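J.: Next come the chains, spelled out residue by residue.
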Amino acid sequence: MSDVICIFDLRRMFTHAAEQIRHESELLSQLDCVGGDGDHGTTIVRAMEMLEYEMNAKSDRPLDVRLRDAGWSVLGVGGGASSALLGTFIAGMGDVELGRECDCKRLAAGFASGLRAVEKQTKAKPGDKTMMDALVPAVQAIEAAAGSGESIARALKLAADAARSGAEATKKMIARYGRAKFLGERTLGSADAGATSIALLFQGFSTAFAKQKEV
Amino acid sequence: MSDVICIFDLRRMFTHAAEQIRHESELLSQLDCVGGDGDHGTTIVRAMEMLEYEMNAKSDRPLDVRLRDAGWSVLGVGGGASSALLGTFIAGMGDVELGRECDCKRLAAGFASGLRAVEKQTKAKPGDKTMMDALVPAVQAIEAAAGSGESIARALKLAADAARSGAEATKKMIARYGRAKFLGERTLGSADAGATSIALLFQGFSTAFAKQKEV
Amino acid sequence: MRMKKFINDPRQLTAELLEGFTLAFPRHVRLSGTSAIVRATPKPAGMVRMVTLGGSGHEPGLSGFVGRGMLDASIAGEIFAAPGAVKCIEAIRDACAGGEGTLLIVLNHAGDVLAANIAMQAVDREGLNVKMVLTEEDISSSVGDRRGLVGCVAVYKVAGAAAEAGASLERCFEVAQRMAGNMRTLAVAVRTATNPVTGQPIFELGEDEMEIGMGQHGEAGTGRMRLKSANQTAEIMLDQLLTDLAVSADEEVLVILNGAGATTLMELYLVFRRVAQALEAKSIRLVRSAIGEFITTQEQAGFQMMIARMDKELIELWDAPADTPFFKMP
Amino acid sequence: MRMKKFINDPRQLTAELLEGFTLAFPRHVRLSGTSAIVRATPKPAGMVRMVTLGGSGHEPGLSGFVGRGMLDASIAGEIFAAPGAVKCIEAIRDACAGGEGTLLIVLNHAGDVLAANIAMQAVDREGLNVKMVLTEEDISSSVGDRRGLVGCVAVYKVAGAAAEAGASLERCFEVAQRMAGNMRTLAVAVRTATNPVTGQPIFELGEDEMEIGMGQHGEAGTGRMRLKSANQTAEIMLDQLLTDLAVSADEEVLVILNGAGATTLMELYLVFRRVAQALEAKSIRLVRSAIGEFITTQEQAGFQMMIARMDKELIELWDAPADTPFFKMP
Ligand SMILES: Nc1ncnc2c1ncn2[C@@H]1O[C@H](COP(=O)(O)OP(=O)(O)O)[C@@H](O)[C@H]1O
Ligand SMILES: Nc1ncnc2c1ncn2[C@@H]1O[C@H](COP(=O)(O)OP(=O)(O)O)[C@@H](O)[C@H]1O
Ligand SMILES: [Mg+2]
Ligand SMILES: [Mg+2]
Ligand SMILES: [Mg+2]
Ligand SMILES: [Mg+2]
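Protein sequences, first through last, are from chains Y, L, U and Z.
The numbering of the first sequence is this note's numbering, which starts it at 1 and goes up by one.
The numbering of the second sequence is this note's numbering, which starts it at 1 and goes up by one.
The numbering of the third sequence is this note's numbering, which starts it at 1 and goes up by one.
The numbering of the fourth sequence is this note's numbering, which starts it at 1 and goes up by one.
Keep in mind that a hint or two might mislead.
[Stated by the list, open to error] Simulated crosslink set (DSBU-like; lysine-lysine; CA at most 30 Å straight-line):
#1 Z/Lys131 x Y/Lys123
#2 Z/Lys131 x Z/Lys328
#3 U/Lys43 x Z/Lys328
#4 Z/Lys43 x U/Lys328
#5 U/Lys131 x L/Lys120
#6 L/Lys125 x L/Lys105
#7 Z/Lys131 x Y/Lys120
#8 L/Lys123 x U/Lys131
#9 U/Lys312 x Z/Lys328
It should be emphasised that the hints constitute simulated quantities derived from the structure, not laboratory data.
All figures in this text were calculated on a predicted structure; none of them were measured in a lab.
Construct the entire structure; sequences and hints are all you get.
T.: In structure tokens:
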């Protein structure tokens with residue numbers, strides 16, 4: 001069996017990711033209290049549940065179409081800055097052709113395309129204490145892993161690790177985007193809410209995949 | 001020296017009474033919290049300070065005129081139910097002629113006249129848990145004392161005692177007038193705010209007079 | 001809960017707030033003497049004047065409804081305290097000087113009624129043409145001596161419209177009485193206010209308690225219970241109001257929801273939604289409504305629900321133009 | 001402070017509040033789709049449409065200003081959350097279908113701007129005639145990326161009046177930009193709000209602390225200090241605003257005081273009084289004002305002070321008739 005993912009894998013990835021995020025939703029809202037409006041847990045769970053729902057819908061369209069539609073659905077439900085960016089990311093993944101099955105290289109191209117879409121909407125870069133601190137290294141890790149011929153499971157594991165370190169690093173940063181940017185030094189010491197949920201997203205992707213391969 | 005009071009006595013009476021009430025103003029507001037709006041201390045102090053001010057004004061008008069004007073001044077400043085009734089009481093004292101000096105009998109007639117004026121404005125009777133529970137027995141005590149030839153100091157002492165017992169008795173009553181009437185049994189156990197301040201008023205009248213006579 | 005308010009010297013509070021209010025609405029109102037808020041542009045001579053009185057601390061409160069189509073004057077007392085009777089006498093005299101008689105609208109609270117009665121006795125002796133209407137619609141107390149709550153605003157509106165249209169004093173009085181007799185209010189609170197002068201809360205409610213039957217000044221009510229949802233609270237209150245007013249199917253009603261201070265409009269919308277649904281289910285016709293903060297109780301959390309039976313004429317008067325600081329009808 | 005609110009299922013909160021709102025103001029508004037509040041009676045064809053967007057939980061908030069003379073549509077998000085970009089695209093399409101182009105007014109908050117940008121890219125691709133204005137007047141942050149606070153209401157008012165009078169999209173845009181560029185706002189809080197969905201306060205202030213520079217959703221500010229009097233607070237805030245806007249003597253200004261939720265109108269009057277006195281002392285002419293609750297932050301205690309430089313045309317547009325649920329000009 002070749003190393004590819006199909007809609008069933010994608011479905012499991014999003015189910016696991018939603019699970020992770022739901023589980024930490026109170027923490028995510030608390031992190032958003034530091035400089036934001038204290039609702040990130042609520043908004044990101046709403047977005048994740050929409051993605052889960054879309055991935056579970058019956059349809060035999062290619063993965064890119066599924067992702068694009070799912071991303072736009074998130075852009076439909078609304079939920080602040082994080083949903084707009086997450087929706088853009090997922091929809092953007094579908095801007096490259098993925099077919100009904102795709103290998104690690106294609107998948108990495110999809111993630112890279114999603115990141116490009118996000119970068120069109122925000123000027124935030126790693127270091128600005130936003131979800132970009134987790135998203136950018138995660139996508140780079142997948143690309144690197146795919147480039148050196150790693151398996152999908154391995155690539156996602158590396159992405160999850162990169163996202164987690166990226167989120168962790170936001171603790172030492174001062175926010176420059178989002179609601180928290182007005183607070184300056186006060187945001188030092190606690191992690192960015194959006195970066196933390198992106199780390200959970202990739203952790204969910206990874207564990208879902210790891211588990212599947214163990215079977 | 002015959003047993004009469006003049007404007008200097010009246011002045012001292014109101015100064016002492018205002019002093020007593022000011023001293024207990026927090027307690028009076030607290031008592032008003034039970035069934036009322038928690039402001040009796042504030043309103044009654046405002047009224048007493050107006051009376052003090054009026055009594056201290058330079059003028060050689062007769063006592064009845066002084067009292068009538070002072071009462072109407074209280075009706076001018078405003079301050080809820082208690083000021084309206086206190087103002088009416090003091091103004092009503094001036095409805096009988098008191099001259100520039102008056103003896104115990106005349107003074108008792110003045111108090112009785114004040115009470116009649118109040119009774120025209122409220123249907124509350126002793127037993128209804130209002131200031132009437134202190135005011136009615138106080139005035140009756142002065143009248144009785146004057147009738148049996150007691151001194152002014154003694155009459156005011158008896159009035160103060162009667163007012164205090166009357167106020168004390170309101171603890172066992174259920175309010176039937178004023179803001180507290182809507183609360184029924186909840187008002188059991190604590191004294192009526194207005195009755196308590198009337199007791200302090202007469203206590204002030206009495207101590208002022210007692211002190212003067214000691215000199 | 002410690003008081004946290006933007007105030008200056010508490011003894012100057014009322015004077016300063018009246019000054020601020022008149023500075024904020026120069027097109028509508030001005031201060032006459034120390035405590036009467038009157039229209040910036042008086043009504044033409046020969047028309048009935050509408051006057052009310054009551055304590056401050058309920059902003060927008062009574063004075064917020066002085067203006068074309070509603071009140072001509074509002075006599076403001078100190079915080080939570082009736083104005084002095086003398087002030088009332090002066091304001092009524094002024095009103096009578098300009099108009100064809102004066103309608104005095106008084107909310108049934110001991111202090112206000114005492115001041116109004118003393119004033120009425122005085123102006124009667126002077127032979128002035130004044131009639132008084134008492135609003136007493138709080139169903140938490142028994143018939144015969146009920147408190148006046150937000151319902152006065154409806155009375156100001158309809159009687160004010162009649163006066164503005166040139167009706168006689170008798171006619172304005174009749175309209176005011178009809179409105180007053182056809183309305184019922186009930187208040188609920190979940191958190192009480194602090195008195196801005198004493199700095200103290202009047203009483204405290206438990207962490208998960210609410211109380212139905214509150215007074216206008218944070219006076220405790222008679223129906224303490226566990227905090228309920230918006231829907232349940234709406235139903236409990238509406239049922240009591242409809243029963244007391246004996247409303248039957250096909251009748252037309254006005255509903256006013258009056259926020260106490262801290263309760264959000266968001267919550268009032270939720271409550272209103274259920275009221276509208278419940279009325280619809282009973283085939284009672286919700287013909288008019290007003291939702292907002294009209295007569296508040298400092299930063300108390302809770303609201304008043306008023307329901308009134310309307311007839312064709314009352315609806316027309318409700319719809320008539322009004323232009324006051326806090327109630328406008330185009 | 002435990003949350004005590006009259007709500008039902010928190011997940012249904014926004015849907016229920018929009019339903020309650022439209023039930024309460026049937027003469028002014030109706031719901032289009034799930035989350036666009038539009039005028040009950042649309043503007044005649046061939047006129048510019050005014051559209052805004054933003055999260056709920058700020059009632060009356062943006063949707064409270066939909067009606068004649070102000071907005072044509074308001075796209076409501078969930079509590080404190082921008083609406084979805086797709087909803088914005090749909091609402092702008094609808095607006096453009098009826099009118100001569102659409103002016104989209106967006107408060108500068110990351111989520112709102114992201115949604116608006118995605119929507120603008122989409123409708124631009126469709127060739128629709130839409131222009132966007134960003135309001136960013138919160139002086140607590142540095143120039144270039146300031147938050148949008150209550151100032152949007154002034155923009156709705158003047159640009160809405162221009163649109164109502166038949167001005168072109170370019171003209172409405174120019175008016176909106178001029179108003180937006182000439183206004184400055186600063187917020188203060190003494191007690192924070194609880195989020196109605198999570199039930200949690202965003203942060204807590206000490207017993208005798210206040211904080212200047214608060215955001216619109218209870219986001220912490222940057223100027224924590226001891227609680228001050230009404231006069232002192234008014235002076236501190238006004239000075240910062242006047243300096244930032246560089247107002248000089250004889251200029252004409254509009255002042256808006258926007259209550260955060262629990263702070264009483266009584267307190268706002270006191271603050272307003274001092275603002276009026278201070279402006280007078282500086283010979284700055286206070287030509288218009290608005291005082292009340294326009295865009296709230298749940299039961300937060302505090303307020304926003306907005307000051308704007310006005311010119312003859314802006315004043316005329318401010319004075320033009322408006323009839324919306326929470327802003328009326330006769
Ligand atoms: N301009 C931006 N660019 C990138 N990320 C952003 C931006 N604004 C906000 N974010 C991210 O969104 C998170 C907050 O999301 P959320 O609380 O759901 O939305 P909102 O801030 O609208 O309430 C922040 O922690 C940050 O990671
Ligand atoms: N109708 C009445 N008759 C007699 N006394 C009354 C009446 N109403 C109120 N009071 C007295 O007034 C007191 C409350 O006074 P106060 O708090 O100053 O005024 P308010 O009730 O207007 O706030 C009550 O404790 C009671 O003694
Ligand atoms: Mg947030
Ligand atoms: Mg009282
Ligand atoms: Mg009082
Ligand atoms: Mg948010």
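J.: Evaluate each hint against the coordinates.
T.: Tested hints:
Between Z/Lys131 and Y/Lys123 the CA atoms are separated by roughly 22 Å; this keeps the pair inside 30 Å, and the hint holds. Proximity of Z/Lys131 to Z/Lys328 is assessed by CA-CA distance (about 26 Å); at most 30 Å being required, the pair is judged to hold. The hinted pair formed by U/Lys43 and Z/Lys328 meets the criterion: a straight-line CA distance of about 22 Å does not exceed 30 Å. For the hint pairing Z/Lys43 with U/Lys328, the CA-to-CA distance comes to about 22 Å; that is within 30 Å, so the pair holds.
About 20 Å separates the Cα atoms of U/Lys131 and L/Lys120, which keeps this hinted pair within 30 Å; it holds. Restraint check for L/Lys125 and L/Lys105: the C-alpha separation of about 24 Å stays at or below 30 Å, so the hint holds. For the hint linking Z/Lys131 to Y/Lys120, the alpha-carbon distance of about 20 Å falls within 30 Å, and the restraint holds. A threshold of 30 Å between alpha carbons decides the hint, and for L/Lys123 with U/Lys131 the separation of about 22 Å falls inside it, so the pair holds.
The straight-line distance between the Cα atoms of U/Lys312 and Z/Lys328 is roughly 25 Å, inside the 30 Å bound, and the hint therefore holds.
This entry satisfies every hint, going by the numbered hints stated previously.
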